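K.L.:
The chain contents come next:
Protein chains: 2
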Amino acid sequence: MKITNKEELSRTSRRKDALEILEEGLKAANPKSSVKEALRNLKDELNKARRIVVIGFGKASIKMAEGCEEELRDKIYDGAIIAPKGIEDKKLKIIKVFEGTHPIPSEVNVESAKKLISVCSNLTSEDLVICLISGGGSSLLTFPANDISLEEKKLTTDVLLKSGADIREINTIRKHISKVKGGQLLNFLKPAKVVSLILSDVVGDPIEYIASGPTSPDSSTFKDALSIIKKYNLVNKLPKSVVERIEKGVRGEILETPKPGDEIFNDVKNIIVSNNMKSLVAMEKKASSLGYSTIILTSYAQGESREVGKFLCAVIKQISSYDIPIKKPACVILGGETTVTVKGNGKGGRNQELVLSVVLNCKDVKNFVFASIGSDGIDGYTDAAGAIADNFSLEDAVNSGLKPEEFLENNDSYNFFKQTRDLIFTGPTGTNVNDFTVALIF
Amino acid sequence: MKITNKEELSRTSRRKDALEILEEGLKAANPKSSVKEALRNLKDELNKARRIVVIGFGKASIKMAEGCEEELRDKIYDGAIIAPKGIEDKKLKIIKVFEGTHPIPSEVNVESAKKLISVCSNLTSEDLVICLISGGGSSLLTFPANDISLEEKKLTTDVLLKSGADIREINTIRKHISKVKGGQLLNFLKPAKVVSLILSDVVGDPIEYIASGPTSPDSSTFKDALSIIKKYNLVNKLPKSVVERIEKGVRGEILETPKPGDEIFNDVKNIIVSNNMKSLVAMEKKASSLGYSTIILTSYAQGESREVGKFLCAVIKQISSYDIPIKKPACVILGGETTVTVKGNGKGGRNQELVLSVVLNCKDVKNFVFASIGSDGIDGYTDAAGAIADNFSLEDAVNSGLKPEEFLENNDSYNFFKQTRDLIFTGPTGTNVNDFTVALIF
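Line order of the protein sequences matches chains X and Y. Be aware that the first sequence starts at 1, since it is given in the working numbering, and climbs by one per residue. Be aware that the second sequence starts at 1, since it is given in the working numbering, and climbs by one per residue.
Worth double-checking, as some hints may not be accurate.
Any copy will do: because identical chains look the same in the list, a pair fits if it lies in one copy or spans two.
Unchecked claim - Okay, derived cross-link-like pairs now, SDA-like style, lysine to any residue, Cα gap no bigger than 25 Å in a straight line:
| hint | residue 1 | residue 2 |
| --- | --- | --- |
| 1 | K259 | D364 |
| 2 | K90 | D205 |
| 3 | K328 | L360 |
| 4 | K278 | S293 |
| 5 | K96 | S33 |
What the hints contain is simulated information worked out from the structure, not anything from laboratory work. None of these values were measured; they are calculated from a predicted model.
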């Protein structure tokens, strides 16, 4: 098809809108500004503190620490964070940076954990620990219980992943063979006051699961852990030391992880400083200012990417035909994390595959733009954050001799959008609050 | 878990709400009342007509014809409908009932088509034909072009279904080897005025696809038909007579199907008297009167049932946690038709599988009811219309020793809900406007 100048213009301007809306989502998820904003709401706690110690772990910990130093300047007494190996930082002045491997922890992680904890020794109840938590924190802050070696801990994770146990069951066991997970980090921080500033990379923001909830009450018990071991017949598969420790715990010979309501949580605050929903709300505000009527469908998006794409087409069609549930020009916003069951050998990511599915399923819809990105800027094993497409994309592709069905079949969304020049690149954003998806219908 | 009386009561009352809302959807899709309502809006046309002839074909044609007789009484001059074999009717007084086989047409269908057409002979431009169209009409009204035998027509459909051609491509060819499909029925009705009252069983209501659009302009051509034959390499697979006819058509030796804007469509009205959206609107009204804030997500729902279930859980969670996009108590309404890719050997239907997926995926959500039915009252190859579940369902099932994951894996949703006593039975409803789905979050 031939696009007149005018159509081309409108096409470009709508695409620009979609990208600007996504950009607002990224801005709202910025680790540094999110931390600074949160600290401004904590004046009371900060002013009362005799000394302020900053600790942190996770993929965003450097940026979050920078936010602390900028906001608090010389009020910080001491600090240490654990960041992924290889990330250099020259901006931090007070807070020390230790390294850890990710996603598989190694001995260096344990050493870093010990160093981080030593920064918190000799604290009093008049001191305040600011704990910066972000995705990846669970492996970066690794500190197995005394009776478990790192190798045994790693083997345990391995066995559990292959057992069919779900992620909650896996975490229940991990929390009970760790010295820091499941609220136990507090044992090293007390009697200081603690404020955890959390960048949520888990859909729904369950604080006990983000970085394994080191400062959060743990709702699971040694008894639960043992039930899971029995449920999946793991008594002889897990390291002996792990099974023995959990059996001891059941007999009351080892202290449980801190539970909701426990005294240790007095003067502990867990604050989500950034999450998917915060970004979606910022995106909605932007879309509204651009003249769109808006709806946030969900921040819990899940399911097979191509099927979610099909369903979103059904919503796009409804708005296109009926102005229901919202009027055109309309902006549908959602977030979460879809999944791709890889069957082909192509290159792609869940966001790119979602967009490709929409391209294929919305072929009868006029006037839409659809875009989706991973907020960390890395969609699947690609250098793209996601992709953008509109109602011309399918025709353009077919005219260029591309067969979109075959690219989808082969999980090759990256190479499809590479050729249509519809990939979105942001580079690593330093944050992760899951995915952002936007559909404009006009 | 133990349910107190109070909880049990609230559980029952919410379930009752959901069922009442679905019932409103069925009421709005009632073929008889829909036809009567539409006729009341056609007073002008009816009063002007010298003679009124009623014809019809489809699974709902008897009920639709009853509506005509009740509303028009002795104003009907003559009439004939083609209904699925075996359905008896004793109420119709003027309109004759002929039979046809469904979904595979046979010689009796062709005979019935001829009889139906003979009722329309000798009409003048002062006469009015009311044409009642519903799902199944395409096979019930079978009348192959002169140069094609019924066997060749059936073989053609068979070859096309196995070729990989999509339903639009298949219909393009079918329309061009028929005497009545794709607007061509009008050749037998003219010069009379024509009003088609259409019960839409196709998502999105494209009138040219409902019962193959016998009174609708056809946007496809002989040339398109030939391209499809070549695209799928069918020249040697299709009956010779079919390929020859289409080649003749391309050369202009056979009249094309009527096209949009053709004179034959003067004084022809195609009116959708009932469709999925009409029912969803009625359901919304009912939900609203019961005190729920409401949203119609889409009437175009599509995708693999279990994946749509996952995504709908994401919407349910969003409302449960954030009161977004609508406030609790909330009613989410949608319609369309999801699909099940059968892998197991269980018994079920797309609606039952959708509900089972929601049961499994919404395990952390408190206070919801979810129900889904096929508006024809027949979900898959079962005697149930669908199923209903709530946040207690999963726990109840597990406590009874049922493993919902295994039932889902085996596409055995019917036997799961049979044991939890959550199947919804309506019996055949005599209508079909696709599926209705309702989620209450409170």
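K.L.:
Taking the numbered hints from earlier one at a time, note which ones the structure violates and give those numbers from smallest to largest.
P.N.:
Going through the list in order, the structure violates hint 2 alone and respects the others.
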